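Participant: Chains as they are written, first to last, in the numbering used here: chain A, 1 to 254; chain B, 1 to 481.
Hints were generated in silico from the structure; no laboratory data involved. Note that the structure is a prediction, hence the values are computed from the model and not measured.
Taking lysine-lysine and the BS3-like style, the derived pairs with C-alpha atoms no more than 30 Å apart in a straight line are:
#1 K100/A with K443/B
#2 K125/A with K454/B
#3 K443/B with K65/A
#4 K454/B with K470/B
#5 K454/B with K122/A
#6 K122/A with K443/B
#7 K100/A with K425/B
#8 K443/B with K125/A
#9 K110/A with K443/B
#10 K425/B with K14/A
#11 K196/A with K443/B
#12 K100/A with K454/B
#13 K470/B with K110/A
#14 K470/B with K100/A
DEER-style ranges, computed between Cβ atoms:
#15 K454/B with G111/A: 26 to 34 Å
#16 F405/B with V55/A: 46 to 54 Å
#17 F405/B with Y204/A: 50 to 58 Å
#18 G64/A with V466/B: 35 to 43 Å
#19 G142/B with E144/A: 50 to 58 Å
#20 V466/B with E144/A: 22 to 30 Å
#21 S473/B with E126/A: 28 to 36 Å
#22 P68/B with D69/A: 49 to 57 Å
#23 Y204/A with A421/B: 40 to 48 Å
Backbone N, C-alpha and C fix where the C-beta goes; we use that ideal spot for every residue, glycine too.
Residue-level listing of the chains:
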Amino acid sequence: MLTIKNLHAEVEGKKILKGINLEINKGEMHAIMGPNGSGKSSLASVLAGRDNYTVTEGEVWFNGKNLLDMAPEERAREGVFLAFQYPVEIPGVSNLNFLKTALNEIRAYKGLPALEAREFLKLTKEKQQLVDFHSNLMNRSLNEGFSGGEKKRNEIFQLAMLDPQLAILDETDSGLDIDALRIVSNGVNKLRDAEKSFVVITHYQRLLEYIIPDFVHVLYNGRIIKTGTKELALELEERGYDWLKEELHLKESV
Amino acid sequence: MINSNEIIDDIANKEYEFGFSTDIEMDIAPPGLNEDIIRFISAKKNEPEWLLEWRLKGFAAFKKMEFPKWQHFEMPKLDLQALSYYAAPRKKKQLNSLDEVDPELLATFAKLGIPLNEQKALTGVAVDAVFDSVSVATTFKGKLKEMGVIFCSFGEAVQEHPDLVKKYLGSVVPHTDNIFAALNAAVFSDGSFVYIPKGVRCPMELSTYFRINAQNTGQFERTLIIADDNSYVSYLEGCTAPMRDENQLHAAVVELIALEQAEIKYSTVQNWYPGDKDGKGGIYNFVTKRGICKGAASKISWTQVETGSAITWKYPSVILQGDHSEGEFYSVAVVRNKQIADTGTKIHHIGKGTKSRIISKGISAGRGDNSYRGLVSVGPRADNARNFTQCDSLLIGNQCGSHTFPYIESRNKTAMIEHEATTSKIGEDQIFYLNQRGIDSEKAVALIVNGYVKEVLNQLPMEFAVEAQKLLSITLEGSVG
Ligand SMILES: Nc1ncnc2c1ncn2[C@@H]1O[C@H](COP(=O)(O)OP(=O)(O)OP(=O)(O)O)[C@@H](O)[C@H]1O
Ligand SMILES: [Mg+2]
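This is chain A alone, in the form it adopts within the complex (with noise of 0.2 Å):
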């Protein structure tokens, strides 16, 4: 579904991105890991198409399409979904609209009608209860004034709302209490199926437990430097990454 080939990008002039090679297939659930500033979030944002990274090297394809030439709504329409790390408030703008209007953004790409406004409200209920997400956020401004968890509840919840081909998760587990944690997983795996794939970003190993991965890769320093199961994640949790960059610089020293 999403190949990256050598994937090289920079941000004002400094180079973060070194060449990121990535396969990830229907239906499997993928998690990256690694330390601050190793590119993981400037990962996510050059699949989502943010203007100020540039590109300098390599290749994305979704599905066949060229995922680097399209603008960032078409990357949405197409099924590329990014829960940010940080959503942004949108004072003005209510919850609800917004969904309204991005849903049917995304149906109309995909020659659907808008959905009657019942429908949408059934849609909405339906989805609200996955994540257990208070009725009275919708009405409220987009993101303005929610805490830090319900920011991220309401991620997740626009992912079950615009259902995705491709959800990139960038540390949506950060700032959760421990039943919210437990919930959004839940959420999460009742989203997975055969046609689906994830990409989750973070730091605890304590997700993975709720949101089991096939695949779990270490990014340091722009680069892919290992990848393994489930396991591998354990491991960095009690050895953390130093064992792994000493690794490298044996390798790269050879």
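Following the hints, position chain B with the ligands against chain A.
Facilitator: Quick look at chain B with the ligands alone, frame taken from chain A:
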């Protein structure tokens, strides 16, 4: 992929939709401002002696005045002698019905989306159309007449209802008020007149559309609205002009009078030609609008959506004279390209228990410059007067400006005056967030702006709210920062 700079350029190059001009036979006076031209206008309009004298007093006052200097933008040089002060579509004969209106004119207004044909007219809206200086058609006149409502051109009111005109003309905005009001008093050509009799709730929206067409003319219309005891009227004004390289002056005067328990709602959707991206051409909109709540428990409410004009300079005001009277000012002002808007309101609390509410939403894009300037004054008699002011600015891009100048003068200890102000910016991260959910940048801006102006647009009559929303989207198309 489009980056934000390209989008900003995009908006700057956006053409003005109503920029066409109409070829029509016109009577145009030679350029120049003097007593002769004033006598000429007055004679053309077959005015009574007292009105000519009032005009001449206005001219005398004008000659003694200077252009104001307190504005913080650079005042363009106005050559008032180069303008023509009278332009009218040439009529073959007296018009008896709409069918006799020049088809070219009807076509012009149809292009603007204002059908003058009564059958096709917006349901529930009576329209008076002013083309250059002259009112060309007023719809639904008969129906209104049955209820005793007078809605006609100013010129007609002078002929048919001279006592009403004489009693109220200049009673709210005197001919000495300011230089543009004095100029208007001297040379005003036409405008609309409304009288709502006691106890009548005007059954439809009354609406005037102003259109400047002729070259090198100024437009100086006067609107006078009188709502007698316990009456209600909602009035809407819209305006457009063709694209011209030179600037054109619009110096109108609007006077509102609300008697006991009467209510006047006055809404403006102003879309004069704003000039091109380099600031060439465009209308100078220097308008004096003022209402007086003369009777107890009366109410005047101004709502304005200002998107056009090269320079907008206006402060619709309310004098709260009657006890427990109420004044409101709801405003959305948008500037882009090199537009300048300096607008706001003045509310004078004179009577006891008077209330006012000011909601101002400025939006600046491109290299536009937007100022809110407002005065809330409370007199010694105005016990328990209350004011609430909310003054918000929204910036799009990095080259625009926004300023607020709120003035408060209170001479009564029991008055309660609240002022809130915010400034926000549509950030790239907000646009990107919406993009990431499948919403393109233009829709994203529209979504944010619509949320921002909702409180003001809610004040407009339904169909005009929809129009105004569309107008805002078109105006701001592509203005992402
Ligand atoms: N706009 C920018 N200008 C300059 N440097 C930037 C910019 N955006 C990101 N960077 C840098 O890119 C590097 C990678 O940042 P990124 O946010 O991708 O890290 P991350 O792996 O997500 O870290 P964290 O775990 O802390 O979220 C960091 O060194 C960061 O400072
Ligand atoms: Mg990050």
